[in-house]
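*Asks:* Residue strings, one per chain:
Number of protein chains: 2
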Amino acid sequence: MIKQINGGVCAAKGFSANGIHCGIRKNKTKRDLALIKSEVMANAAAVYTTNLVKGAPIYVTKDNIADGKAIAVVCNSGNANTCNKNGVEVAKRMCEITAKAVGCKAEDIVVASTGVIGQELDVTPIANGMEELAAGLGDNSVAAAEAIMTTDTVLKEIAYSFEIDGKECHIGGIAKGSGMIHPNMATMLVFVTTDCAISSDMLQKALSEDVKTSFNMVSVDGDTSTNDMVSVLANGMAGNTEITEEGESFNKFCEALAGVTRYLCRMIAKDGEGATKMLECKVTGGKTEKDARIVAKSVVCSSLFKSAMFGSDANWGRVLCAIGYSGADVDVEAIDLSFASKAGKIDVCKDGYGIEFSEEIAKQILLEDEIQILISLKSGEGEATAWGCDLTYDYVKINGDYRT
Amino acid sequence: MIKQINGGVCAAKGFSANGIHCGIRKNKTKRDLALIKSEVMANAAAVYTTNLVKGAPIYVTKDNIADGKAIAVVCNSGNANTCNKNGVEVAKRMCEITAKAVGCKAEDIVVASTGVIGQELDVTPIANGMEELAAGLGDNSVAAAEAIMTTDTVLKEIAYSFEIDGKECHIGGIAKGSGMIHPNMATMLVFVTTDCAISSDMLQKALSEDVKTSFNMVSVDGDTSTNDMVSVLANGMAGNTEITEEGESFNKFCEALAGVTRYLCRMIAKDGEGATKMLECKVTGGKTEKDARIVAKSVVCSSLFKSAMFGSDANWGRVLCAIGYSGADVDVEAIDLSFASKAGKIDVCKDGYGIEFSEEIAKQILLEDEIQILISLKSGEGEATAWGCDLTYDYVKINGDYRT
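In order, the protein sequence lines correspond to chains A and B.
Going by this note's numbering, the first residue of the first sequence is number 1, and it counts up by one from there.
Going by this note's numbering, the first residue of the second sequence is number 1001, and it counts up by one from there.
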């Protein structure tokens, strides 16, 4: 059994964190530099954006954890360090500055950046602020979570405890993500820490499997970022026997990891740029799991359906439309569809055709801020869930003048 | 040489049209039923939506023109006749009613519907209005174009004349399309008429080739409709020798067809739901034409970039981002990017990296209502153009309460 606890990325033994305003962002009340550190060397795993245009930090992090090891994470907001000629140089410099302050090698740092694309990142504020940042390392997961936020309106952190061979383990994560959210094989910025002892290989395996049904099933606007990254550091300080193969312990770890990632997925969807409500599309009865995933994601990605949800309009035809063009192998005349929220549940479509329903009750259900779209494809055992949000005036507003 | 002329779908010899309000829509000032008729039997070709969920009229039209022949088109707005149990029955009934009024067989009618999905279409107003509609057949392309509009704000028609073996031929079309626009191998509703003599096979070949670079390169919101259809009727009344194979005459016909379709594409993009400006993305230097097409379409589909254009913000990083996740085979470090409009042209990115540019001049260029995004991939000879529009508050507003 996994149990929710406090502490975010500092919940696991031996991890400390901090976040400060160093001056990358003009707004002095907004933290813009985060640091997470393990007392001892940790096993590391990460997945990255599949966008061909990649942020410079992605390349540097990939190199740095090629040996499966890392001891700290440094991340700035306000500038993505992407499409800049000196990008890799600046990302490496960030690692050197961090390494010097925390007493490790530059090659043991996970580095990440988020913000505007195509403006050179000045490393000076980072160099100037690093001493203060490192000196303040402590139980400050909240400060780190704040420092990686861009258009996010709420900070995103979570932690769980779980037990492996009698040892209490902990896992926690922070995330940022609000716009340019449509991860593909990787995701927005998510940093997870755990004191569970697990080999680098098994850690990577757990993470790579997990993202297929967690972050890769979230979409805010269909745009896959250039800087997506999820990384996990596992420092083994819980004292359990190191997990080196599949089995009960690995499954327990995966369950705890899924607890963290699913929670952060929902938070990211709910905090989608301009969003007023979270959409959770649950698909059952797909011919395969892949078909179910394609359908679920297509529905939460439809601009038309997202707009209808903003208006609390039970325009279920748009769900059918999105299923139809998704590319999944579905039997159109077997589709059942319901909308649900804490206000209730209403069936709107049966066997691919509309059925009579009360528009008033539907409206009540859709006025809530968490909406479930329940789709039964009645063609097999494939199941999937995808998360998204409504499309609102504010999404347009936020992105019409993001740089200014 | 092709020459623009007046007359829309009535420009070609032997074609008449009309549009009336019959009562499908509540607003009595809005026409909702259109009819186009040829004096003599015409060769017919059509392409349809690839959405697995298809409007009932699609199935009926496919059957009706399986023999390559049709003499009239009937189309209503206000109801898509999709996802209704009695949909095919109603679409066939529409053909029977039309056939009786114009004196032909029900099987020689192209039938189409557009509007809300999943509400039964009552055929009574159509039956009641058909006499008036048929009696008013004449040089009324405008009335027909009005009658197929839904959220469209401008009517869309165009016509051209051209010459084949000394005979003057004419081709004209009307279109509707504003939201749920992301055609795939087919498109929104477009009806084209021509008096050029061309065999059904060659007509279908010309149309199928044309849509790849015309309607399939338009996107308003990424949602592929259930009712997309482009059809062409060619009645041969221009008196040219029938085109039955590839060659000079076929090429001339294709050129004239492309004139009509490209014009309607631009009109549809410009009239995208809520749009304040049209985006035209021109890609050159792709490794293949397919790569160029994928890149062009990805850019005009990016919600983030579309929002930036609404704000006249030269956020070129979002163009690079959309190229990167498009799936096309591109060399990121070879990408050049400029923005242009009638106010001028400005280079913003060279070899994949940002360059210095005047934000003020960029703003001036992007304040215009037709923006060109010029992308040079410098990796081959592939070229493509895609059309889209900005994402605005009004798109959200229109779609937040479309049904009410």
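By construction, these hints were calculated from the structure, which means they are not laboratory data.
All C-beta atoms in this analysis are idealised placements derived from N, C-alpha and C, irrespective of residue type, glycine included.
Mixed in with the good hints, there may be bad ones.
[Stated by the list, open to error] Here are the simulated PhoX-like cross-link-like pairs (lysine-lysine), alpha carbons at most 25 Å apart as the crow flies: (1) A:Lys105 <-> A:Lys62; (2) A:Lys26 <-> A:Lys62; (3) A:Lys378 <-> A:Lys397; (4) B:Lys1205 <-> B:Lys1252; (5) A:Lys290 <-> A:Lys378; (6) B:Lys1287 <-> A:Lys85; (7) B:Lys1013 <-> B:Lys1069; (8) A:Lys397 <-> A:Lys26; (9) B:Lys1363 <-> B:Lys1290; (10) B:Lys1378 <-> A:Lys85; (11) B:Lys1069 <-> B:Lys1100; (12) B:Lys1287 <-> A:Lys26; (13) A:Lys363 <-> B:Lys1026; (14) A:Lys363 <-> B:Lys1397; (15) B:Lys1013 <-> B:Lys1100; (16) A:Lys13 <-> A:Lys3; (17) B:Lys1345 <-> A:Lys85; (18) B:Lys1062 <-> B:Lys1205; (19) B:Lys1085 <-> A:Lys378; (20) B:Lys1105 <-> B:Lys1069; (21) B:Lys1252 <-> B:Lys1028; (22) A:Lys282 <-> A:Lys350; (23) A:Lys350 <-> B:Lys1085; (24) A:Lys397 <-> B:Lys1363; (25) B:Lys1397 <-> A:Lys397; (26) B:Lys1062 <-> B:Lys1026; (27) A:Lys287 <-> B:Lys1085; (28) A:Lys345 <-> B:Lys1363; (29) A:Lys85 <-> B:Lys1350; (30) B:Lys1282 <-> B:Lys1350; (31) A:Lys287 <-> A:Lys69; (32) A:Lys363 <-> A:Lys342.
[Claimed, not checked] Facing chain B, according to a computed beta carbon distance under 7 Å, are these residues of chain A, among others: (33) Asn27; (34) Met41; (35) Tyr325.
[To be verified] Not close to chain B: a few residues of chain A, all C-beta gaps over 12 Å, as computed: (36) Ile2; (37) Thr29; (38) Glu39; (39) Glu96; (40) Leu137.
*Asks:* Now tell me, hint by hint, if it's right for this structure.
*Replies:* We went through each hint and held it up to the structure:
| no. | hint | in the structure |
| --- | --- | --- |
| 1 | A:Lys105 <-> A:Lys62 | holds (15 Å) |
| 2 | A:Lys26 <-> A:Lys62 | violated (30 Å) |
| 3 | A:Lys378 <-> A:Lys397 | violated (40 Å) |
| 4 | B:Lys1205 <-> B:Lys1252 | holds (14 Å) |
| 5 | A:Lys290 <-> A:Lys378 | holds (15 Å) |
| 6 | B:Lys1287 <-> A:Lys85 | holds (24 Å) |
| 7 | B:Lys1013 <-> B:Lys1069 | holds (17 Å) |
| 8 | A:Lys397 <-> A:Lys26 | holds (20 Å) |
| 9 | B:Lys1363 <-> B:Lys1290 | violated (32 Å) |
| 10 | B:Lys1378 <-> A:Lys85 | holds (19 Å) |
| 11 | B:Lys1069 <-> B:Lys1100 | holds (18 Å) |
| 12 | B:Lys1287 <-> A:Lys26 | violated (42 Å) |
| 13 | A:Lys363 <-> B:Lys1026 | holds (22 Å) |
| 14 | A:Lys363 <-> B:Lys1397 | holds (17 Å) |
| 15 | B:Lys1013 <-> B:Lys1100 | holds (23 Å) |
| 16 | A:Lys13 <-> A:Lys3 | holds (16 Å) |
| 17 | B:Lys1345 <-> A:Lys85 | holds (23 Å) |
| 18 | B:Lys1062 <-> B:Lys1205 | holds (16 Å) |
| 19 | B:Lys1085 <-> A:Lys378 | holds (19 Å) |
| 20 | B:Lys1105 <-> B:Lys1069 | holds (11 Å) |
| 21 | B:Lys1252 <-> B:Lys1028 | violated (42 Å) |
| 22 | A:Lys282 <-> A:Lys350 | holds (16 Å) |
| 23 | A:Lys350 <-> B:Lys1085 | holds (11 Å) |
| 24 | A:Lys397 <-> B:Lys1363 | holds (17 Å) |
| 25 | B:Lys1397 <-> A:Lys397 | holds (13 Å) |
| 26 | B:Lys1062 <-> B:Lys1026 | violated (30 Å) |
| 27 | A:Lys287 <-> B:Lys1085 | holds (24 Å) |
| 28 | A:Lys345 <-> B:Lys1363 | violated (48 Å) |
| 29 | A:Lys85 <-> B:Lys1350 | holds (11 Å) |
| 30 | B:Lys1282 <-> B:Lys1350 | holds (16 Å) |
| 31 | A:Lys287 <-> A:Lys69 | violated (40 Å) |
| 32 | A:Lys363 <-> A:Lys342 | holds (13 Å) |
| 33 | Asn27 | violated (19 Å) |
| 34 | Met41 | violated (33 Å) |
| 35 | Tyr325 | holds (4 Å) |
| 36 | Ile2 | holds (34 Å) |
| 37 | Thr29 | holds (24 Å) |
| 38 | Glu39 | holds (37 Å) |
| 39 | Glu96 | holds (23 Å) |
| 40 | Leu137 | holds (32 Å) |
Of the hints listed earlier, those the structure fails to meet are numbers 2, 3, 9, 12, 21, 26, 28, 31, 33, 34, in rising order.
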